[in-house]
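Residue strings, one per chain:
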Amino acid sequence: MEHFYESLLIDTEEGIQCKVYSNSHPEGMIVVKPKYVPEEGISFKNLKKRYLFEKALFRFNLFTDVKATAHNLAEFRKRFPDYFYESEKHDNWFIVVPREKIKKIHDPKEGLRELIKIPLSDLDNYLRAVRGLIELISQSGVALEKLGINHSTLLGNYTLGKSDIDIVVYGKENGWKILDFLERAEHPSLRWKTEEDWRKYYRDRIVSKNFDENEYVANMVQKKDDGFFDGNVFSIFVVEEPEEVWYDWEDKHIPLATVKMSGKILEDYNSIVRPGYYEIGDSKILKGYPDLPIKRIVTWSRPFILQAKKGDSVECVGLLEEVETKSGDKFQQIVLGYFDAYTNERGEKEYLKKLIG
Amino acid sequence: MVYFPESSIIITKDGLYCQVYSNEHPEGYIIVKPKYIPTTKISGISLPSRFIGGKKVNRLDLWTNVDALKKYIDDFSRHYPQYILKNSMYEKSPLFFAVSESNVDKVYFPRDGLKELMDMPKIDLDSHLESVVGLVSFLLKSGLKLSDLGLTYSTLMGHYSPEKSDINIVVYGKDNYWKLMKFLTNNKDKDLEWKSYEQWESHYRKRHRVMIEDKEIYINNMYRKKSEGFFRKTLFVIFAAEEPDDVWFKWGEERYKSLGIATISGRVVDHYNSCVRPGLYEITDSKIISGERSEDIEIKKVVFYSRDYSGIVYSGESIEASGLLEEVTPKYGEKYYRLVVGYFDTYLSERRGKEYIKIVS
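Chains as they are written, first to last, in my numbering: chain A, 1 to 357; chain B, 1 to 361.
Bear in mind the hints are in silico, worked out from the structure with no lab data behind them.
Just so it is clear, the structure is predicted and the values come from calculations on it, not from any experiment.
Misleading hints may appear alongside valid ones.
As the list claims (entries may be wrong) - Cross-link-like lysine-lysine pairs, in silico, DSSO-like; alpha carbons within 30 angstroms at most: (1) K19/A x K331/B; (2) K101/A x K106/B; (3) K122/B x K78/A; (4) K115/B x K45/A; (5) K48/A x K33/A; (6) K233/B x K55/A; (7) K190/B x K33/B; (8) K71/B x K55/A; (9) K67/A x K122/B; (10) K190/B x K225/B; (11) K19/A x K67/A; (12) K33/B x K103/A; (13) K145/B x K55/A; (14) K41/B x K109/A; (15) K109/A x K200/A; (16) K71/B x K117/A.
Could you put the whole structure together from the sequences, leaning on the hints where they help?
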């Protein structure tokens, strides 16, 4: 098993730009989601294109309709068979970059170190906002060396007034410390989406069939990893250090059924990363399989990160798995957001929500 | 002698962003101007910084403070000696930057980049890219083919800012360039605007022409240029790159000997090659006005490396120019004399404010 920071960008030999999708990885490969894919020899459906670095690239998106996503993943597999890992220990597949196909890794820490060397007078408004946000976050007490900048902020292909500011925080302790700090921070440039903003967002878009408006607002308004700084949307990505990785690729996962369950969050510490998990008590399988005790809810999907806090009652739909660890322990868990969920009806059913009222 | 089209962008293995600075190159090398240089090894206090590709880089501004620039280039030569061309064509070589083929990490080709862009679905373009596509579609009405055009600099490399960045178009082939200039001169398209008096005045100040030229004459001359203008309010600049079969000189086929600084006058007999870099005005009736050599020698060519002088004078017009006088010994043919304006090392001395090419009435 290997460690490689989640959310980092990797350029591959074939010109694909990938986003790392986990902090732990099977031997010799990195679990990723393709972000930009060259159009040569591939016929995707319903994907937008972007003109980046002299190329027209497909912006790979798992959130198109199920049929299109299934088609696109099949196309991707046909063109790049080496990028698929059939995991016997999951009876499932993952998109990966074989180590030897990595051409370049974009390092968020180094990018931030470079950015802060630039005189403010040479920065545009967007990069000034990035610097301002970093200065604010640093007041949490987390060392600058534990922070990075990512995605378009790092690569410099951001659009003024449109692009998000993506910040990487190294280490879960640091992540929690920063989120706690930001929740309490008062700064003229810092703003969170209000309940009213979330209501409008819900009404303007069909966010999910699985949440009513009040549930959606209650679930979203408590999240403090996305906000606004100087009018720019910012997102905090927390990644695990090698010694704190919880996911073990040696564990055996046996898929049992798609189920609906309820339970109470006993611990949310690992819900800040991808994959993340919530420890569950008082679980009850409501539908889809005979009742079994559920130890945890695992999410590979970023929208369900930080979705609930310790003590919250939750409800979810996901894949019930039996897990057998290397040491022989056995337990059940629910998983949301495996890649295959985007290609079948399970994806549309999956959700996790804090119960209100 | 190797052909490699001017205005392409090269990223070196150690992270320098270089602009290809000629169409003809010595064997195994590409003549460039380093445009953005990482600050890990050297840093220029007076040079502007930018954040590109996750790195703090200095933008090599040749008009920054002369002493600071000199120190920076000295540092550059020490830390990046591999990019200083050792040039046997000159008795004492002026400064040329060059990238050896083994140091190239990636090349951005303007022609390929534009083709990719023009194939993009319209719905996926931002406002800047929409303007680029609009401008190119308009330029194609001149009769040029898409393969005659390219796209360069920030738009090509993907670090442009909508509403701020220029559109930089490359035209391949000098015939094509002049055809396009004729098309633009005669065009009254509603999306097309030319720089105003005030905008050329600002250019005049920025480019330090204030030291050497009368403002009114400069601005009047620049008005004739149709290689810079606005399309749907976005500034565009058109560059020409030679095709392999229309390069006006071949690297290594002449030897050059410096005869010192000179100011000369003459009459342009051919401006055809003035649209490329290096650019050329062929002249007749030359006269040395001042300089280290005063004897009567006939100067046949005025050569320049600065784009500011491209296409500003037409055949039949008289010019005055100040630069470095050179004796040229061709491999084949007779010895002749030329004046060169805008070698890189010009910017490292007081010469930079004194070199010029201008029309005289």
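Each hint tested on the structure:
Between K19/A and K331/B, the direct Cα distance comes to roughly 56 angstroms. Violation of the 30 angstroms bound is thereby established for this hinted pair. For a cut-off of 30 angstroms, the pair hint linking K101/A to K106/B stands: about 17 angstroms separates their Cα positions. For the given pair, K122/B sits about 28 angstroms from K78/A by alpha-carbon distance, which is consistent with the 30 angstroms threshold. In summary, the hint linking K115/B to K45/A is supported, as the alpha carbons are separated by about 22 angstroms, within the 30 angstroms threshold.
Proposed proximity of K48/A and K33/A is supported: the alpha carbons are some 16 angstroms apart, at most 30 angstroms. At roughly 25 angstroms between alpha-carbon atoms, K233/B and K55/A fall within 30 angstroms of each other, so this suggested pair holds. For the hint linking K190/B to K33/B, the alpha-carbon distance of about 36 angstroms lies beyond 30 angstroms, and the restraint is violated. Restraint check: the Cα-Cα separation between K71/B and K55/A comes to about 38 angstroms, which exceeds 30 angstroms; the hinted pair is violated.
Of the pairs offered as hints, the one joining K67/A and K122/B holds, with about 24 angstroms between alpha carbons and a cut-off of 30 angstroms not exceeded. Between K190/B and K225/B, the direct Cα distance comes to roughly 18 angstroms. Compliance with the 30 angstroms bound is thereby established for this hinted pair. For the suggested pair K19/A and K67/A, the alpha carbons sit about 23 angstroms apart, so the restraint of at most 30 angstroms is met. The hinted pair formed by K33/B and K103/A meets the criterion: a straight-line CA distance of about 26 angstroms does not exceed 30 angstroms.
Our distance criterion of 30 angstroms between C-alpha atoms is met by K145/B and K55/A, whose separation comes to about 20 angstroms. Annotation: proposed proximity of K41/B to K109/A holds, straight-line Cα distance about 19 angstroms (limit 30 angstroms). Simply put, K109/A and K200/A have alpha-carbon atoms about 36 angstroms apart, too far for the 30 angstroms limit, and the pair is violated. About 20 angstroms separates the Cα atoms of K71/B and K117/A, which keeps this hinted pair within 30 angstroms; it holds.
Taken one by one, the earlier hints fail for this structure at numbers 1, 7, 8 and 15, listed in ascending order.
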